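Q: The sequence shown: position 48 = 47 (numbering that gives the first Met the number 0), numbered continuously.
Be aware that one or more of the hints could be misleading.
Under the rule of at most 30 Å between Cα atoms (straight-line distance), these lysine-lysine pairs were calculated in the DSSO-like manner [as the list claims (entries may be wrong)]:
#1 K66 with K3
#2 K21 with K64
#3 K66 with K21
#4 K25 with K52
#5 K52 with K3
#6 K3 with K21
#7 K25 with K64
#8 K21 with K52
#9 K3 with K25
#10 K66 with K25
#11 K64 with K52
#12 K3 with K64
#13 K52 with K66
FYI, nobody ran anything at the bench for these hints, they're computed from the structure. Fair warning: this is a prediction, and the values are worked out from it, not measured in the lab.
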Amino acid sequence: MEHKFLLCVDNEGYEASLETRKLYEKIPDREVERYNQVRIIDESGEDYLYPSKFFAPVRLPMQTKNKILERAV
0 MEHKFLLCVD NEGYEASLET RKLYEKIPDR EVERYNQVRI IDESGEDYLY
50 PSKFFAPVRL PMQTKNKILE RAV
C-alpha cells in the first residue's frame, strides 16, 4: 500500500481537530474523493472526513516517509 501525506493549510471551523502546517496521512477512500473530501486521522485519534481544500499533497523522499511511518507504530 502506498502511503500519501497531506499538509493541512486551513482548519477554519475545525481548529480543535486539525493543526495547520501539520502533516496528516491520507487514508484511501475513493468514494469520498468524488465529493472533494479526504479521510485522515485527526487530533482526536479517529478518522474523519474533511474538505480536500484544507490540504495540500506532499511528496516526501522514501527515506523520510519510512522514518515517519516507523515512528507511527
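Q: All the hints need checking, so say for each whether the structure fits it.
A: Going through the hints against the structure:
no. : hint         : in the structure
1   : K66 with K3  : holds, 14 Å
2   : K21 with K64 : holds, 14 Å
3   : K66 with K21 : holds, 16 Å
4   : K25 with K52 : holds, 14 Å
5   : K52 with K3  : holds, 16 Å
6   : K3 with K21  : holds, 14 Å
7   : K25 with K64 : holds, 13 Å
8   : K21 with K52 : holds, 15 Å
9   : K3 with K25  : holds, 5 Å
10  : K66 with K25 : holds, 16 Å
11  : K64 with K52 : holds, 23 Å
12  : K3 with K64  : holds, 9 Å
13  : K52 with K66 : holds, 27 Å
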